[in-house]
Amino acid sequence: MKLIFTTLVLAATSIAVVQGSKFWDDFYVNFRDGKVQYPGYDTGSTIALGLDNTTGSVFQSKYPYLFGNLSMQLKLVGGNSAGTITPYYGLPRAADLGIPYLGYQPMYIYSRIWNGESWATCGGGVKTDWSLQPFLASYTNFNVWNACEIRDYTVSSSHACFEKLYSSSYGQAPNLALTQAQIDDLRGTISLKMEPPPLDRVYASLEEAETEIFAFAHRKGYNLSRLHSKVNKGGEKRKVWLACAQAGDYRNGTAGDYRNRVDVCTGRGGGVCA
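For the sequence shown, my numbering gives the first residue as 43, with consecutive numbering after it.
Warning: the hint list may mix true and false statements.
Computed cross-link-like contacts, DSS-like style, restricted to lysine-lysine with a CA-CA straight-line distance of at most 27 Å [unchecked claim]:
{"no.": "1", "residue 1": "K104", "residue 2": "K64"}
{"no.": "2", "residue 1": "K104", "residue 2": "K169"}
{"no.": "3", "residue 1": "K64", "residue 2": "K117"}
{"no.": "4", "residue 1": "K104", "residue 2": "K117"}
Simulated from the structure, these hints should not be mistaken for laboratory data.
All chains, please: the whole structure from these sequences, using the hints.
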């Protein structure tokens with residue numbers, strides 16, 4: 043969307059949405075060989091990022107936002123989309139993907155479509171059907187309100203946005219602290235730790251241990267995202283050390299007790315691969 047900017051101090055801005063403007067007014071688009079389309083009668087109001095077996099495509103907002111309400115409608119790849127990845131991120135300084143720790147740093151809006159068939163669907167067990175290419179993910183109706191974007195990283199520019207932040211509703215009670223309901227939700231989430239398989243089981247082989255791990259995850263309804271195996275030679279028997287990285291539930295043992303380890307990282311969710 044085309045945005046009207048009212049300058050506060052240097053690059054700090056207050057934003058309002060103007061209807062009828064184009065996607066490229068607010069985003070940089072990176073693609074190759076016609077991977078990006080602008081469908082519909084109003085060219086530029088909707089963008090479709092494309093993926094084929096040679097490359098994908100990406101867009102990023104021209105400027106980062108320190109705070110604000112931002113919305114966009116996203117339509118994922120339809121039909122058999124196995125192996126295709128379409129993340130929608132906030133990222134600082136166009137460097138780090140994801141939003142593990144937002145902190146107080148301006149965030150770019152970022153999305154792309156790319157090939158993750160080596161791991162994405164059933165741990166890479168289901169490959170992408172490239173006869174269906176190109177795969178398209180569509181975006182439209184980008185809106186920004188009550189926001190402050192930073193046009194550069196000068197101290198005065200950032201400071202102006204922080205001043206605007208603390209004078210806005212975001213910097214006032216009750217937004218300065220979690221509500222009791224939010225605290226209860228957080229505690230509930232923390233309590234949902236995956237129950238690890240028994241630690242006292244002795245396996246005849248590493249293959250048997252891995253089979254048991256997958257079976258256990260399937261019975262519990264866990265989405266097994268990654269499996270890394272480490273085998274240290276030595277000792278007559280194999281024991282398995284299991285770690286649920288998602289829950290931070292690491293079980294430690296002595297080197298003598300756990301000569302051979304299988305590290306399991308799991309996450310809750312649907313799409314469990316039988």
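Outcome of the hint check:
For the hint pairing K104 with K64, the CA-to-CA distance comes to about 13 Å; that is within 27 Å, so the pair holds. For the hint linking K104 to K169, the alpha-carbon distance of about 34 Å lies beyond 27 Å, and the restraint is violated. Of the supplied pair hints, the one linking K64 and K117 holds, its CA atoms being roughly 18 Å apart against a limit of 27 Å. Under the criterion of a C-alpha separation no larger than 27 Å, the hint pairing K104 with K117 is consistent with the structure, at around 22 Å.
When held up to the earlier numbered hints, the structure conflicts with hint 2 and nothing else.
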